[in-house]
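S.K.: Chains A and B supply the protein sequences, listed in that same order. Residue numbers for the first sequence follow our numbering, so the first one is 1 and each next one is one higher. Residue numbers for the second sequence follow our numbering, so the first one is 1 and each next one is one higher.
You may find that some hints are simply not true.
[As the list claims (entries may be wrong)] Straight line, CA to CA, 20 Å or less: simulated DMTMM-like cross-link-like pairs of lysine to aspartate or glutamate: (1) A:K292 with B:E247; (2) A:K54 with A:D83; (3) B:K292 with A:D200; (4) B:K182 with B:D250; (5) A:K204 with B:E247; (6) A:K286 with B:E247.
Hints were generated in silico from the structure; no laboratory data involved.
2 protein chains.
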Amino acid sequence: MSLSASDAIERCTALLEKVGVPYGNANATARAIVLSDVWGNASHGVMRLPFYLKRITMGGVNAGANLKTISERGAITSLDGEDGLGHWQLWEAANIGVQKAKEFGISLVSVKNSSHCGALGVYLYPALDAGQIALIFTNGPAVMPAVGGNAPLLSTSPIAAGIPAKPPMIIDLSTSAVARGKIAAAAKSGGTIPEGWAVDRQGKTITDAKEALMGMLAPLGGAKGFALGLMVESLSSGLSGGALSTEVPDMFNPDDDSKPQGISHTVITIDPSDLGDSASYADFNKLASQIKETGGRVPGAKRIHPNEAENHEITVAEAVIKDLNDWSNKLGLPNFS
Amino acid sequence: MSLSASDAIERCTALLEKVGVPYGNANATARAIVLSDVWGNASHGVMRLPFYLKRITMGGVNAGANLKTISERGAITSLDGEDGLGHWQLWEAANIGVQKAKEFGISLVSVKNSSHCGALGVYLYPALDAGQIALIFTNGPAVMPAVGGNAPLLSTSPIAAGIPAKPPMIIDLSTSAVARGKIAAAAKSGGTIPEGWAVDRQGKTITDAKEALMGMLAPLGGAKGFALGLMVESLSSGLSGGALSTEVPDMFNPDDDSKPQGISHTVITIDPSDLGDSASYADFNKLASQIKETGGRVPGAKRIHPNEAENHEITVAEAVIKDLNDWSNKLGLPNFS
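Build out the structure end to end from the sequences listed, making use of the hints.
M.R.: Encoded structure:
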């Protein structure tokens, strides 16, 4: 069904509040979740809310968590998420990054003991709105082996980068060859998948989609994707001293609903206006123009700004609406439809 | 022929001095060049020296360049390379990055108007020796189109990242699917190349190796590789306000020998000891152990440290020795053999 983003944000906020998340954090989380649907990225949108609610009620996510400062020195801020929701925590971390980048030119904010944060590109906007570059890294449950490795070591190891051209260029990708969702879709239709998407424990490529779902995600382009994933893991959990991906429970595994995920996020923010001349912004725009002039597509050119999301409609699968209504009934809130 | 690295460094230093490069800069450059050969990466080793010497004598590289400070604010340092050699300039930038990271926890050093710097992984060592993480980006002549684009926009857009595990993990890769050298090797043997290595101006994949040499390098995994390349370009020339890759002359094109390349380098350095606990280093080591335990290979585990390079032998192709001897004769220096 189709519903307005503003309505969806209000209802998601109310559900999160009912399970104990303070209004400000609930609303920031709801905005991040719904923005993903507005962007057409349903897999990180409201379909995830029932999982978050379940984890909160089962104890795997701490509804009343604070973002505690572990240390603050120079341009580096180290935070402990106290097992709270990843969305509002990473949004807040990104805003701290902007303030620190204004002060020092570049800053790093690290959050450990946090949870899944949805679509990583969301958290680029505080920097983009300030005319700054942001680079964001996060980890998650291990699904990707080393090249030739017999067990999963790394998460999909996503990287997001925002470049303040007009409109901004948004880079937001996993360093696995494809998302698990693509393999799941192929498995549903009983088909095969191309070589290089999934591997078994002997490191051999799997082309049967159903078998691939039991296997591991192959890194993007083999050794290069694994190396990039290793960089992401080192910059997120490695740097924060938080849980490595091999220790992160999967939010889709009901047996793990009471276990905190211990996910780490890292935001690096750069203020280009500190580089001594004003050429940077002109060059970002020139780069974007060159892409268009040669027939290419500028990444992120069609993304809706978080502030404009409320004016859009989102489409939510009936099965997801049913789950959300079950939660609404349980918590004494009106139904979605 | 085989020669000792210490001998090679001495001779390369002498050649660079003879064309006007001051001793310190000549020696730092020679060390970076020879280290690449020690690592078995001959394509960025002494085989490049004749090209550098030619560019210096033709005016494309400024032998007497300084690394001029454009601005220095907080944790950001912006430098102008005055068209000098990239090797000593990036080495110096990396060392400045280490000092600034000690002061601020994270730092960024940008160099514009520089030149080709050889193997990017070399410049991770000042940070690694200080127990710090370094991320390095550089640009170069455009060889890679946007996905679906009809003209080259980006360089091979390399990324280097050094993680201070024991031994350090070294990530050093281009965001193109493969290096042009691999295509050249296939062309020599008259063979074909796999789909996804090269594209023509209509964006179609090329499998004939000889045709591919006339084409453009495909980005790693298509859209993801292009997005990563765009991040590299934005963080190097975009950030420095220097020449975009479309404006960078190719060092292998003799017509461009008098034109400065205007290459940009950026070093981000992070001091993990500023993150409030000592878990980081333990986690870097644990990550490396996990890779080995599952049968994978730790990137960079076999790299020789720059300080130990002199104790090793390097192998240089006879054709390269001949070129170096021609230059030695011209400049009144003893031959290599």
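S.K.: Give a verdict on every hint.
M.R.: Taking the hints in turn, this is what the structure says about them:
{"no.": "1", "hint": "A:K292 with B:E247", "verdict": "17 Å, holds"}
{"no.": "2", "hint": "A:K54 with A:D83", "verdict": "14 Å, holds"}
{"no.": "3", "hint": "B:K292 with A:D200", "verdict": "18 Å, holds"}
{"no.": "4", "hint": "B:K182 with B:D250", "verdict": "18 Å, holds"}
{"no.": "5", "hint": "A:K204 with B:E247", "verdict": "43 Å, violated"}
{"no.": "6", "hint": "A:K286 with B:E247", "verdict": "12 Å, holds"}
In summary, the structure is inconsistent with hint 5 from the numbered list given earlier, while agreeing with all the others.
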